[in-house]
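Novice: Read off the chains here:
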Amino acid sequence: MIRFERRIEATALWTAASFAMAVAAGLAASAALIATTGADVLQVFGALLEGAAGSPKALATTLVKATPLILTGLATVIAFRAQIWSIGQEGQVLAGAMGGYLGAQLLAGLPPLLFFPGVLAFGMAAGMGLGWIAAVLRNRFAVNEIISTVMLNYLVVYLLSWLLQGGPWGETGGTISYQQSPMLPGEAFLPALFGSSRLHAGVLLPFLAAAICALVMSRTPLGYEIRGLGYNPEALRHKGVNIGRTVTVIMVASAALAALAGAIELFGVAHRLRADNLLGLGYAGIIVGMIGGLSPIGTVFAGLFFGGLASGAVYMRVLGDVPASLVPAMQGITLFFFLCAGVLARYRVVMKVAVQ
Amino acid sequence: MSQLFQEAIIVSLLASTIRIMTPLLFSSMGELITQRAGIWNMGVEGTMLTGAFTAYLVATATGSLWLAVLAAIVAGSLMGIVIAFMTATLRVDHFIAGLGLNLLAGGLTLYCFQGYIQGRAQPTFSGFQDVAIPLLSDIPFVGPVLFSQRALTYLALIAVPAVWFLLYRSRYGLELRCLGENPKALDVKGLSVSARQYAAVMLGSALTGLGGGFLMLGFSDRFLADFTAGRGWIVVVALIAGNWKPRGVLIAVTAFAFLESLATHLQVVGAQVPHQLLLALPYIASIGLLMGLRFRSGQPARLGVPYTRE
Amino acid sequence: MSTALRVEGLTKRFAGVIANDNVDFDLRPGEIHCLFGENGAGKSTLSSCIFGFYRPDKGEILLRDQPVHIASPIDAIRHGIGMVHQHFVLVPEFTVLENIIVGTQRSGWRLNAAGARQKLRAICDGYGIDIDLDAYVWELPVGRQQWVEILKTLYLDAQILILDEPTAVLTPGESRILFDIVRKMCARGMSIILITHKLAEVMQSDRVTVLRKGRVVATLDTPETSPDELARLMVGRDVSFTVTKPDLEPGETVLAVEGLSARGFWGDPVLRDVSFSVARHEILGIAGVAGNGQKELFEVLCGVRRPAAGSIRFKGEEVAGMSPRSMMDRGVGHIPDDRFREGLVPEFSVAENVVLGWQRSPKYRNGPLMDNKAIGGLAREMIAEYQIATRDELVAAGKLSGGNAQKIIIAREFLHASGLVLANQPTRGLDVGVIEYVQTQLLKKRAEGFAIVLASEELSDLFNLADRIAVMFKGEVMGIVDPRTTTVAEIGVMMAGRRNEAAASKERVSA
Chain A
0 MIRFERRIEA TALWTAASFA MAVAAGLAAS AALIATTGAD VLQVFGALLE
50 GAAGSPKALA TTLVKATPLI LTGLATVIAF RAQIWSIGQE GQVLAGAMGG
100 YLGAQLLAGL PPLLFFPGVL AFGMAAGMGL GWIAAVLRNR FAVNEIISTV
150 MLNYLVVYLL SWLLQGGPWG ETGGTISYQQ SPMLPGEAFL PALFGSSRLH
200 AGVLLPFLAA AICALVMSRT PLGYEIRGLG YNPEALRHKG VNIGRTVTVI
250 MVASAALAAL AGAIELFGVA HRLRADNLLG LGYAGIIVGM IGGLSPIGTV
300 FAGLFFGGLA SGAVYMRVLG DVPASLVPAM QGITLFFFLC AGVLARYRVV
350 MKVAVQ
Chain B
0 MSQLFQEAII VSLLASTIRI MTPLLFSSMG ELITQRAGIW NMGVEGTMLT
50 GAFTAYLVAT ATGSLWLAVL AAIVAGSLMG IVIAFMTATL RVDHFIAGLG
100 LNLLAGGLTL YCFQGYIQGR AQPTFSGFQD VAIPLLSDIP FVGPVLFSQR
150 ALTYLALIAV PAVWFLLYRS RYGLELRCLG ENPKALDVKG LSVSARQYAA
200 VMLGSALTGL GGGFLMLGFS DRFLADFTAG RGWIVVVALI AGNWKPRGVL
250 IAVTAFAFLE SLATHLQVVG AQVPHQLLLA LPYIASIGLL MGLRFRSGQP
300 ARLGVPYTRE
Chain C
0 MSTALRVEGL TKRFAGVIAN DNVDFDLRPG EIHCLFGENG AGKSTLSSCI
50 FGFYRPDKGE ILLRDQPVHI ASPIDAIRHG IGMVHQHFVL VPEFTVLENI
100 IVGTQRSGWR LNAAGARQKL RAICDGYGID IDLDAYVWEL PVGRQQWVEI
150 LKTLYLDAQI LILDEPTAVL TPGESRILFD IVRKMCARGM SIILITHKLA
200 EVMQSDRVTV LRKGRVVATL DTPETSPDEL ARLMVGRDVS FTVTKPDLEP
250 GETVLAVEGL SARGFWGDPV LRDVSFSVAR HEILGIAGVA GNGQKELFEV
300 LCGVRRPAAG SIRFKGEEVA GMSPRSMMDR GVGHIPDDRF REGLVPEFSV
350 AENVVLGWQR SPKYRNGPLM DNKAIGGLAR EMIAEYQIAT RDELVAAGKL
400 SGGNAQKIII AREFLHASGL VLANQPTRGL DVGVIEYVQT QLLKKRAEGF
450 AIVLASEELS DLFNLADRIA VMFKGEVMGI VDPRTTTVAE IGVMMAGRRN
500 EAAASKERVS A
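These protein sequences, in sequence, are chains A, B and C. Position 146 (the first sequence) corresponds to 145 in numbering that gives the first Met the number 0; numbering is contiguous. Position 57 (the second sequence) corresponds to 56 in numbering that gives the first Met the number 0; numbering is contiguous. Position 278 (the third sequence) corresponds to 277 in numbering that gives the first Met the number 0; numbering is contiguous.
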């Protein structure tokens, strides 16, 4: 039988080793997955690498794909560090895009320097509203935030579906409805960087956001309270921290980050409101945040890693054979091994030999 | 509207309520067993999804529906092992373990599905048909509602008293409830807590997987991404709403199934409401229900608390 | 003479810390053998090894002179060893019968309660235990819950019974009944291991083994020793159990509580019509068996729990129902009884804990950021002043011993409070040396002009420190007495629920 004993102090080396093992195990399991489809594993991994970092164009795609992942990852970090298990990022991404789209219609014609901050703020505000609802449900009605945010996610999906099909924002013209809005005007596209066609200015925001998050978490009273809330809310309550208000601040801030991801996707990538490029970003962000060790800096690296995978997957698909959903599958597998590694780092495994 | 038409609609409404209940009932009874053993398993959605996909795979590959049912049960209990390993052995936070399982199941099922069809047209199967119980199904009104259902529906209805008996009248049930209330009471008697947690989660997840399997075999003929569409979460809500008691959970599940059935029937009769609103009804109801349920006397005392000796 | 149980050279380490060091111990048939020592002396570790809860790193356990291997409690039970844990291991939602039989049935699907019921009836009759087997455990008073624990072991035919701090939660009357039952067990040939740190209890045993820092210091026949000798053996030096309390004239009233009531989670009354007052230079002691409303009283006073009725006046201002923040800002310091849950964030460093609750204070901030330099400096000052044993201020508070953790809380609260300190069980579970230190600090604050409310389950603490003692029972104050004119017996009677009208009415007049 296998037993786990808590270590006196987790050594940095052992922690690094267990996470390296998790990456290796995740890759090995992914390789096994690829092999089941009959594809050449090395060739697939090679294609992934090529597509992720093989050319400036690939790197640009990686950055663009990593952008929403890092932002939703940071949203996860803020909430999970306080042991608030919000998984509303998924819906908040959609809300961010919807709010941004609404903003684009209201603010059309403003100069870019006002327009872009304005529409991004609209998107973030929409997400914050959603986060605030979940916070009220938790504080006032003691509704578990996992369940409430899942329910809200579904509601937002249906709301978007209605807006685009049957509601006011759908693309009309053809006989069939595409579940998408008309294209935004060209001046509402986020400006490109380095003259590249795909690298939009929004890719800078996650790095800025990560730096701010890192500073807030480690150096400010709010960060102190977020960490304290995660460790021991009871002591904070006894020492005068208003738990309800802090939870609200955390959930709203987290929602703002997730919503920003949705808005950037709208103005930087899709240029029209539609669900299919937004769905799954929130859930992927949870994985990215957790694999990033719930640290803002770690989340940037995890986001870049999975952004690279997503970019590589586009390239890989050209090769055929391997299903496009390899990336979500690899995300799930890697997360699983990381969860195990997190335990390994803190515990010593003791093999107990049965004695008669 | 004529009297006859009205009655036909009501019969159809109720009969479909019972049918929609079936998967939810299996899964919620499974989750009830799991949670009464103290494991706050948030991985219901992923377990149901895996059960549904496995059932699809086996049904299309072998053509045998009953083999598919068996496969869903086995797949469910395998997911149970994963959950038990993470919660009972690794002592990962229960919420995290469940979320992780959902994300894992979502990614893996989609990948396997795409790998299975490999770009060809998706194979389909023909699912379970109604089994009318002789004589009973001829009773007006009640007959078509209750006694002209899929075979597994009858089993699901029997599962409720069966789980009640297991929990409250068997010695295993006493130990199982003890796990949820105070596992140390078993530990000090020299009984393995984790072995019992594994057993409970595997049994519970097997039922949950069966629910997912029936969702596939009783309602559909093909698989698609996010097939379970949040039903696993409805199950979690039903448990809280039912105060962790078999009868309460049955009532909650019935209410959810009725709402869903109502939504589809309103669509059929052409009500002037966006269909998205109708589809969203169970989720709106869930939030409303949870807002009203602040006192949870039936919640196991150690639900979601990893057990350690210290 | 043959032994019922013998332990030879038992050693047990936890994460590098030695909890039992080469311990020898023997238990004779029919005796009450006391394991005596301070918290952390290794009593619980030794008993847990005997019960199979821990596995010793070295050493042997012999039953009736035969070596046995006890790898889990199931082996211990099979060998006739039973244990009553200090914190009861019961399921409140189960009935007495269900608690006893859960996990004991070895065959069959259905629950078989009839046979168990019969066997238990016989046991209860034999020991004169009067208990309703179908009552839910949550309905039972604590003393009866302990009977359920004892019945659990008797039902499994225990011959050796380990009692871990059995009287910690009992009134003096309940303790007497317990010892009656225990003596009946000995008369029937059972052997008892009694774990305690209370001198009064040791004196009821036949023999005593004193443990200190994991080692056996001595094994003595109880009738041939004295409390003084035992205390000296336990601590390892001469101890003066009394700190000297100077006479001080109480100043103006700081805290006046009138008709205070509060309700629990289910709406049950947890405080009923509590009234008292404390003045400058005064320590008001709160006596009572654990769980009689002391905790709720402190929670209401520091703002964590809302009162249902009544008034709390602090320095003349009505503060009932105010938030913890408002109470802290007004100068109320609070030392909670559950230090690692309510007083500290164990994962935070010592420095971070020193400013817990004051993290937004401009004193510790540098613009929007926290001033780590100032906080670190302050923490180092506190470590020096309160003699907190830690490598530096960056060590996580959870890694410190209970006594050092308590010193962090005391340092923080004394630093920020002005006027009133609420201290709930501040010395529970601490070594004698630290207890003396904490007591001295409280008296220092009293001399500075603070008003102090101090709850303790150790009456000796209250007699040493308090100027007046309020006795609580089921959320009510049974009376307020002067320690100079009262006796332990008088307080004991009040702790069991007898109202002392004279004392109560005297207080009303004086307040």
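A couple of the hints might just be wrong.
[Unchecked claim] Keeping only pairs whose Cα atoms sit at most 25 Å apart, straight-line, the calculated DSS-like set for lysine-lysine is:
#1 C:Lys183 <-> C:Lys197
#2 C:Lys212 <-> C:Lys57
#3 C:Lys118 <-> B:Lys188
#4 B:Lys188 <-> C:Lys57
#5 C:Lys294 <-> C:Lys197
#6 C:Lys212 <-> C:Lys244
[To be verified] Which residues of chain C face chain B? A few of them, derived with a C-beta cut under 10 Å, are:
#7 Phe52
#8 Gly58
#9 Gln85
#10 Leu89
#11 Asn98
#12 Leu110
#13 Leu139
#14 Gly142
#15 Lys197
#16 Leu198
#17 Trp265
#18 Asp267
#19 Arg498
Don't read these hints as lab results, they were simulated from the structure. Don't be surprised by glycine CBs; every beta carbon is placed ideally from N, CA and C.
Novice: Grab the minimum C-beta distance from C:Trp265 to chain B and call the hint holds if it beats 10 Å, violated otherwise.
Specialist: 8 Å, holds
Novice: Does C:Lys197 lie within 25 Å of C:Lys294 when you go C-alpha to C-alpha?
Specialist: 23 Å, holds
Novice: Go through the hint on C:Leu198 and say holds or violated, using the shortest Cβ distance to chain B against 10 Å.
Specialist: Because about 29 Å separates C:Leu198 from the closest Cβ in chain B, which is outside the 10 Å limit, the hint is violated.
Novice: Starting from B:Lys188, check that the Cα of C:Lys57 is at most 25 Å away, please.
Specialist: Holds: B:Lys188 and C:Lys57 sit about 24 Å apart, inside 25 Å.
Novice: Answer holds if the nearest beta-carbon of chain B is closer than 10 Å to that of C:Asp267; otherwise answer violated.
Specialist: Violated: closest Cβ of chain B sits about 13 Å from C:Asp267, beyond 10 Å.
Novice: Are C:Leu89 and chain B close enough, Cβ to Cβ, to be under 10 Å, as the hint says?
Specialist: 7 Å, holds
Novice: Could you check if C:Leu139 really has its C-beta closer than 10 Å to a C-beta on chain B?
Specialist: With Cβ-Cβ at 15 Å, over 10 Å, it is violated.
Novice: Hinted pair, alpha-carbon criterion (25 Å max): C:Lys118, B:Lys188. Please report holds or violated.
Specialist: 18 Å, holds
Novice: For the pair supplied as a hint, C:Lys212 and C:Lys57, confirm whether the alpha-carbon distance does not exceed 25 Å.
Specialist: Roughly 17 Å between the alpha carbons, so the hint for C:Lys212 and C:Lys57 holds.
Novice: Once the shortest beta carbon distance from C:Gln85 to chain B is found, is it less than 10 Å?
Specialist: 12 Å, violated
Novice: Closer than 10 Å between Cβ atoms is the bar; does C:Gly58 clear it against chain B? Give me holds or violated.
Specialist: 20 Å, violated
Novice: Any CB of chain B closer than 10 Å to the CB of C:Arg498?
Specialist: Result: violated, 34 Å to nearest chain B Cβ.
The structure fails hints 6, 8, 9, 13, 14, 15, 16, 18, 19 (numbered hints given earlier, in ascending order).
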